[in-house]
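Q: Spelled out from the first residue to the last, the chains are:
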Amino acid sequence: MFDLEFLIAHLPVLLSATGVTILITVLGMALSLCLGLVLAVVQLYAAWPIARLAYVLAQCVRVSPLLIQIYFVFYVLPFYGLTLPPFLTAVLIIGTHYGTYASEIYKAGIRSIPRSQHDAVVALNIPRWRAWWRILLPQAVIPMIPAFGNCAIAMLKESPLLSVITIPELVGVGRQLAFETFKYTEVFTALGLIFLVLSSLYSVLTRWIERVTRVPA
Amino acid sequence: MTPIATMRDISKTYTDVPVLDRFNLDIAPAEKVVLIGPSGSGKTTVLRTLMTVEMPDWGDLAVDGVTLHFGDRLGKAPKTSNAVLRAYRSKLGMVFQQFNLFPHMTIEQNLVEAPIHVAGMRRGEAVDLAHRLLAQVGLSDKVKAFPNQLSGGQQQRVAIARALAMNPKVLLFDEVTSALDPERVGEVLEVIRDLSAERSVAMLIVTHEMGFARQIADRTIFMEAGRIVEEGPPEQIFGEAQNPRTRAFLGKMLHP
Chain U
1 MFDLEFLIAH
11 LPVLLSATGV
21 TILITVLGMA
31 LSLCLGLVLA
41 VVQLYAAWPI
51 ARLAYVLAQC
61 VRVSPLLIQI
71 YFVFYVLPFY
81 GLTLPPFLTA
91 VLIIGTHYGT
101 YASEIYKAGI
111 RSIPRSQHDA
121 VVALNIPRWR
131 AWWRILLPQA
141 VIPMIPAFGN
151 CAIAMLKESP
161 LLSVITIPEL
171 VGVGRQLAFE
181 TFKYTEVFTA
191 LGLIFLVLSS
201 LYSVLTRWIE
211 RVTRVPA
Chain L
1 MTPIATMRDI
11 SKTYTDVPVL
21 DRFNLDIAPA
31 EKVVLIGPSG
41 SGKTTVLRTL
51 MTVEMPDWGD
61 LAVDGVTLHF
71 GDRLGKAPKT
81 SNAVLRAYRS
91 KLGMVFQQFN
101 LFPHMTIEQN
111 LVEAPIHVAG
121 MRRGEAVDLA
131 HRLLAQVGLS
141 DKVKAFPNQL
151 SGGQQQRVAI
161 ARALAMNPKV
171 LLFDEVTSAL
181 DPERVGEVLE
191 VIRDLSAERS
201 VAMLIVTHEM
211 GFARQIADRT
221 IFMEAGRIVE
231 EGPPEQIFGE
241 AQNPRTRAFL
251 GKMLHP
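In order, the protein sequences belong to chains U and L. For the first sequence, UniProt numbering gives the first residue as 1, with consecutive numbering after it. For the second sequence, UniProt numbering gives the first residue as 1, with consecutive numbering after it.
Note that these hints are calculated values from the structure, not bench results. Positions of the beta carbon are idealized from the N, C-alpha and C atoms, including for glycine. Among the hints, erroneous ones may be present.
Just some of the chain U residues that point at chain L, by a computed CB distance under 8 Å [stated by the list, open to error]:
(1) T83
(2) Q117
(3) R130
(4) I142
What follows is a list of derived Cβ distance ranges for each label pair [unchecked claim]:
(5) S199/U <-> T13/L: 51 to 57 Å
(6) A83/L <-> P65/U: 46 to 52 Å
(7) Y45/U <-> T13/L: 22 to 28 Å
(8) A46/U <-> S81/L: 50 to 56 Å
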């Protein structure tokens with residue numbers, strides 16, 4: 001019944017789609033980590049109208065469905081003269097969407113830096129930028145790693161939505177293959193297994209990063 | 001002699017509660033000044049405003065020729081430039097009750113951070129300095145350890161070494177033994193005593209260790225409600241305090 005030969009024959013197609021999924025989540029994660037930090041810092045330290053505006057915008061992005069944002073950027077913006085290539089659109093949207101989640105994680109982490117650490121930095125006269133990059137943020141970021149790992153897995157699981165804008169990611173490519181060949185069982189089983197492997201990979205990676213950054217006790 | 005550090009009319013209010021009200025203090029070069037007084041009397045705020053981890057509302061601060069103006073009730077002074085503030089802070093060092101070591105850095109990294117990135121020292125030089133200072137506080141074997149691998153007393157000795165690495169003119173000690181287990185207090189006090197004997201650094205010390213205060217102080221100041229009630233050489237304060245409030249406080253501290 002289960003046509004293993006079919007699956008093996010079509011494995012290269014599925015694997016190249018897996019590559020696209022990985023690439024989008026890795027780039028999306030990189031973008032969301034940078035954007036999230038900027039959003040968090042603006043919300044915490046900018047003059048209040050700017051901080052407030054950043055907060056409201058981030059909330060709007062965070063609470064509206066990813067699919068609507070995808071349609072909006074891909075189908076609505078071109079009417080106003082802004083047409084972006086699908087792959088760039090995909091990374092921008094998924095990175096921005098999860099960037100708003102990341103900003104909440106950063107905010108909590110930055111707020112949790114003890115006052116005493118800020119005092120020590122002042123008493124040692126360490127310049128503000130250096131203090132943030134080398135002393136305060138690293139302390140805050142290490143405990144955030146598991147939360148960022150969850151973000152990456154959530155992003156992975158939502159990435160199939162990007163197939164609606166012609167991104168050849170795993171689920172879109174698999175669905176196409178299944179519809180053309182009627183090998184639903186084989187294809188969707190394979191997709192499930194590949195996602196299982198990918199999310200396990202991401203959580204192993206997260207745990208590895210946690211381990212190498214942990215301060216020995 | 002010209003004082004090395006001056007606080008002039010320093011006022012500080014926290015959410016409508018005045019903690020310091022026109023507080024004045026001069027510290028002579030190499031002088032060891034001990035601040036005592038009940039909790040809430042403003043001792044720690046004296047240190048925190050002098051270090052500028054908290055900015056005074058009004059008054060002037062000066063250390064070794066660098067002055068910060070905060071204006072007075074008639075008007076705020078213009079904002080101090082970053083360069084002046086940094087020049088001012090470079091003259092001071094502070095040791096905190098909770099040590100405040102950087103938890104994600106080794107002891108050595110904790111010690112070389114400021115010498116390299118603030119004082120512009122070469123790395124090799126800074127590492128040598130760090131090792132010398134760690135030897136001085138008796139922790140040569142902890143160079144590569146992380147703060148959480150050390151006892152409280154050891155962490156506090158590292159914090160003292162870290163402050164010394166910047167060669168301050170005035171060292172501020174904010175209840176540095178209050179967070180320690182009783183059996184660890186001695187080792188920290190001993191390090192401070194050794195320092196005061198061999199270095200020309202001035203010290204401003206807030207402590208509840210009365211025996212230590214009496215031993216180390218050139219001058220003892222008793223504070224209450226943000227003001228100096230009485231000051232003088234330790235023999236006078238501890239032996240024949242004039243003010244009844246000083247006597248009442250010392251009575252409680254010495255014979256609880």
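Q: Give me the numbers of the hints this structure contradicts, sorted from smallest to largest.
A: 1, 8
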